[in-house]
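Student: Residue strings, one per chain:
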Amino acid sequence: MTSQHEKMNHRISYLVWRRPIALWLVPLIYLFIVTTLPLLPSRGIGLFFGVSSFSFVLYGMSFVIAQHFFSFIHHLKRCDYYFALPVSRSRLFFSLNLGAFTYLLGPTLTIMGLNTVIRLIIAPSSTGPLAFWGELLGFLPQFIYFFLLLEVSYLLTGKSSTAINMFILINVFWPLMIFLYSDATSRFLPGFINPLEQAAHSTGVFILLQLFSPLSTAISEPSNYFWVTLLMVALLFLVAHWLFKHRQAGVTRGDYPTNGPFRLTEWMGIMAISLLGGYAAHLLRVQTAANDRPLESVSPVPFLIGLVLGFLLSLWLFNIIRGKGRILWRAFILPALTTAVPLIIWLLIVLTGAFGFTSKTPEDASVEKVSIRYSNTYGAFLTGENKPFIFELDDEKDTALMFKLYETTVAPDNPGLSVPRTLESLEQLRDYLEERYAATYDDGFGTYRIWYSDTYITLFFSDGTIKERILPMPMIFTNDDYRELLRKNKQFYMAELAASASMSTVYTLVDMETGPLLTEKDQAKWVEPLMKLKAYDDQYYDAILRNLMSHAASVYAVADDTLYLEALKTAPMRIKVSLDLPREVDDNREDFDLIIPFDPNRDIRLAKIVEEALNIIEDRPLKER
Amino acid sequence: MEKTTRPLPKLGWAYKHAMARTRSLVSLFLFLFLLVMPIALLIIGKDNYLANTAPNPFSSADYGPHLNEVLLPLHAILGLLSAVYVYFLGGTHFNYLYRRNVIDREESLPFSRDTQFWGRTLAHFSELFIVFFVNALLTGVILSYWGFGHDFAAYLPLYLSLFLSTLELTGFSLVLFSLSGTLFDAILLNLAIQGTWIVSVLQILDLTERLHDTPSDLIWFLAPASRFFSAIVWPHSVLQTVAMIVFWTVSAWLCFRKRPAEYAAVRNGQLSWYPWLQPLFSMFSGLSLGQFIFLLFDPNVAYLSPLRSPAFYIGYFIGLVLGQWLSSAVMGKPIRKEFFRKELPLSLLGIVFFIVIAGLARLFIPRAY
Numbered sequence: 001m002t003s004q005h006e007k008m009n010h011r012i013s014y015l016v017w018r019r020p021i022a023l024w025l026v027p028l029i030y031l032f033i034v035t036t037l038p039l040l041p042s043r044g045i046g047l048f049f050g051v052s053s054f055s056f057v058l059y060g061m062s063f064v065i066a067q068h069f070f071s072f073i074h075h076l077k078r079c080d081y082y083f084a085l086p087v088s089r090s091r092l093f094f095s096l097n098l099g100a101f102t103y104l105l106g107p108t109l110t111i112m113g114l115n116t117v118i119r120l121i122i123a124p125s126s127t128g129p130l131a132f133w134g135e136l137l138g139f140l141p142q143f144i145y146f147f148l149l150l151e152v153s154y155l156l157t158g159k160s161s162t163a164i165n166m167f168i169l170i171n172v173f174w175p176l177m178i179f180l181y182s183d184a185t186s187r188f189l190p191g192f193i194n195p196l197e198q199a200a201h202s203t204g205v206f207i208l209l210q211l212f213s214p215l216s217t218a219i220s221e222p223s224n225y226f227w228v229t230l231l232m233v234a235l236l237f238l239v240a241h242w243l244f245k246h247r248q249a250g251v252t253r254g255d256y257p258t259n260g261p262f263r264l265t266e267w268m269g270i271m272a273i274s275l276l277g278g279y280a281a282h283l284l285r286v287q288t289a290a291n292d293r294p295l296e297s298v299s300p301v302p303f304l305i306g307l308v309l310g311f312l313l314s315l316w317l318f319n320i321i322r323g324k325g326r327i328l329w330r331a332f333i334l335p336a337l338t339t340a341v342p343l344i345i346w347l348l349i350v351l352t353g354a355f356g357f358t359s360k361t362p363e364d365a366s367v368e369k370v371s372i373r374y375s376n377t378y379g380a381f382l383t384g385e386n387k388p389f390i391f392e393l394d395d396e397k398d399t400a401l402m403f404k405l406y407e408t409t410v411a412p413d414n415p416g417l418s419v420p421r422t423l424e425s426l427e428q429l430r431d432y433l434e435e436r437y438a439a440t441y442d443d444g445f446g447t448y449r450i451w452y453s454d455t456y457i458t459l460f461f462s463d464g465t466i467k468e469r470i471l472p473m474p475m476i477f478t479n480d481d482y483r484e485l486l487r488k489n490k491q492f493y494m495a496e497l498a499a500s501a502s503m504s505t506v507y508t509l510v511d512m513e514t515g516p517l518l519t520e521k522d523q524a525k526w527v528e529p530l531m532k533l534k535a536y537d538d539q540y541y542d543a544i545l546r547n548l549m550s551h552a553a554s555v556y557a558v559a560d561d562t563l564y565l566e567a568l569k570t571a572p573m574r575i576k577v578s579l580d581l582p583r584e585v586d587d588n589r590e591d592f593d594l595i596i597p598f599d600p601n602r603d604i605r606l607a608k609i610v611e612e613a614l615n616i617i618e619d620r621p622l623k624e625r
Numbered sequence: 001m002e003k004t005t006r007p008l009p010k011l012g013w014a015y016k017h018a019m020a021r022t023r024s025l026v027s028l029f030l031f032l033f034l035l036v037m038p039i040a041l042l043i044i045g046k047d048n049y050l051a052n053t054a055p056n057p058f059s060s061a062d063y064g065p066h067l068n069e070v071l072l073p074l075h076a077i078l079g080l081l082s083a084v085y086v087y088f089l090g091g092t093h094f095n096y097l098y099r100r101n102v103i104d105r106e107e108s109l110p111f112s113r114d115t116q117f118w119g120r121t122l123a124h125f126s127e128l129f130i131v132f133f134v135n136a137l138l139t140g141v142i143l144s145y146w147g148f149g150h151d152f153a154a155y156l157p158l159y160l161s162l163f164l165s166t167l168e169l170t171g172f173s174l175v176l177f178s179l180s181g182t183l184f185d186a187i188l189l190n191l192a193i194q195g196t197w198i199v200s201v202l203q204i205l206d207l208t209e210r211l212h213d214t215p216s217d218l219i220w221f222l223a224p225a226s227r228f229f230s231a232i233v234w235p236h237s238v239l240q241t242v243a244m245i246v247f248w249t250v251s252a253w254l255c256f257r258k259r260p261a262e263y264a265a266v267r268n269g270q271l272s273w274y275p276w277l278q279p280l281f282s283m284f285s286g287l288s289l290g291q292f293i294f295l296l297f298d299p300n301v302a303y304l305s306p307l308r309s310p311a312f313y314i315g316y317f318i319g320l321v322l323g324q325w326l327s328s329a330v331m332g333k334p335i336r337k338e339f340f341r342k343e344l345p346l347s348l349l350g351i352v353f354f355i356v357i358a359g360l361a362r363l364f365i366p367r368a369y
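Sequence order for the protein chains is G and A. When we follow the numbering used here, the leftmost residue of the first sequence carries the number 1, and every step to the right adds one. When we follow the numbering used here, the leftmost residue of the second sequence carries the number 1, and every step to the right adds one.
Just chain A, with the same shape it has in the complex (with noise of 0.2 angstroms):
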């Protein structure tokens, strides 16, 4: 009797079962896509959006070239769609590396690591395109129905961008993912190092009188999710977001290699990398608290630059021990007697980033006012 092998699953294979998997998920945000343009569009009518698109001398609005009164409130309604689509997606994609039991089945599975996270990537990636085709497509065949082809044209640069966007806000995610020992603390760290990093560049600009009215484009870098809405007022680069796009995706396909499987169910807090992370929220903390001791006990706090003041530096010094200690406690890492041993000088970081990224401001954007 002759032998036979089943050849090993490959690419294909594991891209194939990834789709089948979210099919039901994608289905509902297709669903929701459409009912936020097309349905939409077909609810107000063709003569409303006539009525409200048409030029107004008395309008003192501006829409820029890509938005309509009309068009401008479905984008931001997208674009909000867009992010949970994504986290959405992910989420699903790549729960198994949080539990144990499934873990250990699907790295036994014979296939690589790379195809496991390939197949997945390349699922998630797809399934975006695919909502974003039919959405346009749709919205695109109504609008030139009604003879506002013109209008849909303007449009689709700005939609494109959304979706690059959300490729690049996948990317930053999918390192989240592989990074992260809980769905609950990677998500939750998406999050945080979104919101921590904007505002803290945003402050950092504004200390250094380098808050332009167009900001610059490190506020991006760490905040994916922000370039949803800030493209409609500040046009991104498309070979910045695309180099994002593969600088994002490379990274998590090389921690997602890396990752012992051992770290499925396991708190962010407890595992190795998490505490070069952690002077991003002490500078975060420094920063606010520095701020808010400044405004308060500063009694030249009209005239006075908070960093000329001492009320900011002892107010900065409280936050980074702070930062350091809630980001511990938030993500599960055991807080010990040593604490003050081991975490302070940890903390003492929170400088280093602080002073790396205002000295980069000073050096390369010019001063503001």
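So that you can see chain G by itself, here it is in the shape it has in the complex (with noise of 0.2 angstroms):
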């Protein structure tokens, strides 16, 4: 009894374990070339050493290591064989999978160990090693997800080529699907939240595209959604182990009955396609046109020809696929109509204007509170931090204000408004409000234009309606109600001088003086350095005040008034803020000064600022620049 078990579980390792020498040599080798060779001259460090190498080997061993663990499942006589091993599915399940594993990782964490050696050896007091093992090990959740789906498709599939197609098809189709309708109806209905954008980007979208693409969320730093990728692994572990218990042996190659994950990826692909080719046709119209900007009027028809020749194009496609080259023509029906339904609804809802979505507001309610949220702020320069704050208005005439803004960018003579609407709308409402807003300079070389990123708004009616947009609107000097409101405001006009110099929207002249209460100390340790700085590299200091600038305005901006109140007392230092103003806007100036105060001592993000300001200062010493 004994060597029988001891006989299985031999059967069990052999099967497991004995795979080519060339499934760890290849990656080994490949990675040792380029990540672990320009390690040793002194002027190579650095060069290819990147979680790219890595990622490039763990995506495409992935492919090679499933074929050999999991290919079994489409031959009929080795499925028949390793399903009737005497042992449990769930533990040949669990064994080839932790082989599976082993070969993909083994590679992978070798290099990593030896790579941290060296590094160790030539940099003994680097952290770099140690940073790059938590880059690392922040992605792997994410392979072990892709190589998981890829075990899911050869468990779904009758074939391993089709297998390996669909998986791909899906990992493309898939985010191109969402990238496009989020994307094309954030055009159509200007004020649309495109879901996939930075600022409105959350965990729930990630997850979306993730189901089916974990190669599509590898650019958005995977490493911040760590523990939801580790649990989807495990929910994707759980269903590959399900299906691995249920897949019936016997079947023929080619030959498996379930035929959903094939529908799935024709109905993305085509849902995809189509819309690929109404971007097409339209973008090619509309980069093609004779008449300069702003467009006054874009015809939907270019659009709608690509959609109906993307449509065809997909259908015919997908169905000379499901033929093996034939075209079946009943097989046309099921998919047009599952695909045409929606993309008619969808294209009815966007055409129109999706019901006064962008320009209807309600008739019987006033703007009880406006909250904006400014998602950039130009902090990151030095501190490499974005910290991201909402600032509300509730005050009548604030919000008041606020409203004429918000009316002016959806007023019913904007081009980017008609009926029917196009994918240029948004670009026509932005080009409109541009042609009579932009702010027009001259700084000795000749003059330009400024003009400004969205704003996202969010506007709370009495009536309980909310309405949450991300919209063009001429929050620019060159408007009345604009300044009126930065007049009358101050902590909108700190909120927007937070954002300034990322969005360029306020063009402000900063310098520093002392405050009442600046110890010596701190004249010593900081103050003097950057004051020198201005004499040597005036445009370096002037950055640096705006760093400080920006971080101290986001923290007044949202607290309560007598911080800032009690901050003009005892702060050390203060930044003057002046306006530049366009030559369109004859205002008095003065108006628009205000005083900054800031105090590193008390504020941990602008102590980091200061702190990062002089190392830089210390490296470069200012003889030598």
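Heads up, a few of these hints could be off.
[Stated by the list, open to error] Have a look at the derived ranges for each label pair, beta carbon to beta carbon:
hint, chain 1, residue 1, chain 2, residue 2, range
1, A, L191, G, F56, 16 to 24 angstroms
2, A, Y145, G, I168, 36 to 44 angstroms
3, A, V199, G, L328, 57 to 65 angstroms
4, G, I168, A, S272, 31 to 39 angstroms
5, A, V238, G, V228, 58 to 66 angstroms
6, A, S272, G, S71, 25 to 33 angstroms
7, A, L191, G, I327, 43 to 51 angstroms
8, A, V199, G, V239, 38 to 46 angstroms
9, G, N165, A, V141, 44 to 52 angstroms
10, G, F56, A, L188, 15 to 23 angstroms
11, G, L328, A, V141, 46 to 54 angstroms
12, A, R362, G, D538, 52 to 60 angstroms
[Said to hold, decoys possible] Only part of the chain A face toward chain G is listed, based on derived beta-carbon distances under 7 angstroms:
hint, residue
13, S24
14, I43
15, I44
16, D47
17, A51
18, T53
19, L296
In case anyone wonders, no lab produced these hints; they're calculated from the structure. Even for Gly, the Cβ is constructed at its ideal location relative to N, Cα and C.
Join the two chains into one complex using the hints; note that each chain is given alone, in its own frame.
Tutor: Right under this line is the structure:
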């Protein structure tokens, strides 16, 4: 009995571990050449030494390993042999996965270990290797998810080539479909918040994309979603286990009864290719258009022609794949219906403007509150941080002014809001506003126009209606309401200053002055070096001040007014802000002068900026510059 | 009762059946070709075409005598599409070679291998011609109707050159289709040969100081797909292309005639001819790794030729072995313990290849600088 048990164990371990040595050697040698060798000569350190080299190997080898470990499922005789072994399906599944993951991750971890040892020998005090381990381990759940999804493809299909094709097509079509439909909707309906935009990106979007396409999320810093991916890995592992347990043995090659995976791929493919056709035709027409911008009228016809051609082409293509080179006329009906219906509904909604989605506001209600989301502050330059914040306006006059700005954008004469809408509607709306409100500056070499990025705004109406939009709005000095709002509301002014440098809306002149409570220690430690810097490199000095201004302003914008007043009295330093108004505006500049106090001893982020700035100054002695 | 005998099927029968088998595929590609050129032109519209192709004194772009701002991107997409079309058509016509149960049936049909080959090959050529012809006809009609017939006439030589290049790629692919054991290997090998050849020759020309602004025709010899795009910048000789079409097609025919049916479903690495191709991959791998090691480890990298650096040769020899081993592993050649005894000497042929190509370059191509 024991001997039989041992025999079986031996047989299983033979099946799992007796694989070609090339599965280890190919990735080992490749990684050694592109990551270890460049470490050896001093000038080569860092060359090719990135997660991308390892990603390339892990993604590529996933296909090879999956074929080696799970292709038996598609061969009648081999499948019968595996499933006839006197072990439970679960044990077989776990053993095969253990082997597969060892072969997949082993070479990468081995080379990582070798590289770490070499790095520690070359530069023992360096923290780089450990940080890199952290980065790579952050990515690992994603690779595992990628492999498991491929394994599920094998378990759901009847042929290895079908499994691989389906996996690749789904990985491509799924994110393509999501990207195209969300982008097109935001173009047809100005104000619609594209969920893939950085400002709106969320865990839900990440899960949605990763569900069928782990490849597409590789570029969106998956280490930020480590635990989410880990949870998805666990769930997918359970799914794969269930499929493995219930996989029918004795299915001949290419004859698996489930047609679901193909139908899903076909649906995604037709939806994506149809819209891709629409994009291609529309862009072809608009990019070659003879008339100059702003475009007054754009026809939706090229888009519709492209959409129909894309639809026909994709139907045809998938029909030929299904018929293995022959047309199957009956097989056109179901895919045509399942894709045409949602496509036509979507089309009707966006072409008609979605029942006033952009322009319509409640008639019998006033705006009670407005909030603006600032997602890209200037602080990223020195600290690498980006601290988004939300600013709220609830004063009646302020909200009225802000609503007027909103109404300027959605005015009925704006060509971007004419019906039928097109893929160009958002651009038209933006161009129209830019034409009317862009500020003109002259820097001595020539004149140039200033415009800015869109505003993420939420309007809260008295009847409970909430409108959340990302829209181009004339929040620029050439607009009277905007200037009035800045004059009236200092905190709003601060919020705009916090985002000013990244959004280029407010052109400011900044300088530093001492506060009443500046200590000698502060004076010697950081104030004097900064002041000296001004004489040597005024551009760098200006950049540092703007970083400080941005951070300090973002704090005062959302804090109680007393914090600002208190800081004015106690802060050791102040930044004096004055405005560089464009030539179109005759207002008194002094109306917009502002003092922003800052105290790095009290605010850790300000302290960090000062520290970073001083580090850079130390690295570049002033005499050398 | 009089005994009747039916005549044996001839070339026409094989040709007709080959044409019928790929009808759907040809229609699909015809549609794609029309999308890329005449339909795209219709979407752009006459006025926009005129505005974009009108002489602009401020534009520094030079589109050569054949193309303009509108036709250039369309032609580039057409080039890509043509390459895909050639591979799909070839794969469909010769797929039967790789399936054991199918090849037995086809081989037992009452006509010769020559009929099989020429029936399918002529169908392949005809299908390329039909698509190119219809596409040219409609494009010509549209441009002439708009009053830009002269643009089409100027473009036609480049279009014909593209067509000839697709025939050359077809011939080249047919050789590999006839030699290979699986479709996957046939296409992988096709791409690998073209890629490694072009990179290796460019490196050799650079090392021997023979890399001119107008590259030598040697580069295109084993990389016919590159002619699709290189012809836009450097016109190729029509005679040379026709000669290559004949050369590759006849070679494919000879390979096809000698092909044992047992090759079906056997990986290329296990076929007898494959070791003779591996030195190409060894040479490529040797040159690439040699340059890489030279760049990394030679302190005189800025002013020394790689050929004078020991680092280059160390990398070159390691690369030779790795290239030989990798090309065996990828093509399914069983790697056994006697690898070093059997394969290592073969990998040294990579050096012979290198010396031959470098010698030819030195003999027939003048120094570039």
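Student: Are the hints correct? Go through all of them and say.
Tutor: These are the hints, each one checked on the structure:
1. Roughly 18 angstroms separates the CB atoms of L191 of chain A and F56 of chain G, a value that falls within the hinted 16 to 24 angstroms.
2. The beta-carbon spacing between Y145 of chain A and I168 of chain G, approximately 42 angstroms, falls within the hinted interval of 36 to 44 angstroms.
3. A beta carbon spacing of about 43 angstroms between V199 of chain A and L328 of chain G contradicts the range 57 to 65 angstroms that was offered as a hint.
4. Take I168 of chain G and S272 of chain A: their Cβ atoms lie about 33 angstroms apart, and the range 31 to 39 angstroms holds.
5. For V238 of chain A and V228 of chain G, the Cβ-Cβ distance of about 60 angstroms falls inside the hinted range of 58 to 66 angstroms, so the restraint holds.
6. Separation of S272 of chain A from S71 of chain G is about 27 angstroms and conforms to the stated range, judged on CB atoms against 25 to 33 angstroms.
7. In this structure the supplied range 43 to 51 angstroms is violated for L191 of chain A paired with I327 of chain G, their Cβ-Cβ distance being about 29 angstroms.
8. Against the hinted window of 38 to 46 angstroms, the Cβ-Cβ separation of V199 of chain A and V239 of chain G comes to about 43 angstroms, which satisfies the hint.
9. Between N165 of chain G and V141 of chain A the beta carbon distance is about 38 angstroms. The supplied range of 44 to 52 angstroms is therefore violated.
10. Taking the beta carbon of each, F56 of chain G and L188 of chain A are about 18 angstroms apart, inside 15 to 23 angstroms as hinted.
11. One distance hint, 46 to 54 angstroms for the beta-carbon pair L328 of chain G and V141 of chain A, is violated here, with the actual separation near 33 angstroms.
12. Range check, R362 of chain A to D538 of chain G: about 58 angstroms between beta-carbon atoms, so the 52 to 60 angstroms window is met.
13. The interface hint given for S24 of chain A is met, as the beta carbon of that residue sits about 5 angstroms from the closest beta carbon of chain G, less than 7 angstroms.
14. This hint holds: I43 of chain A has a C-beta 5 angstroms from the nearest C-beta of chain G, less than the 7 angstroms allowed.
15. The beta carbon of I44 of chain A comes within 5 angstroms of a beta carbon in chain G, closer than 7 angstroms, and the hint placing it at the interface holds.
16. Satisfaction of the interface hint for D47 of chain A is found here, the shortest Cβ-Cβ separation to chain G being roughly 6 angstroms, below the 7 angstroms cut-off.
17. Because the smallest distance between the Cβ of A51 of chain A and any Cβ of chain G comes to about 3 angstroms, under 7 angstroms, the interface hint for this residue holds.
18. Hint on T53 of chain A is violated. Least Cβ distance to chain G is approximately 10 angstroms, over the 7 angstroms limit.
19. The criterion of a C-beta within 7 angstroms of any C-beta in chain G is met by L296 of chain A, whose closest approach is roughly 5 angstroms, and the hint holds.
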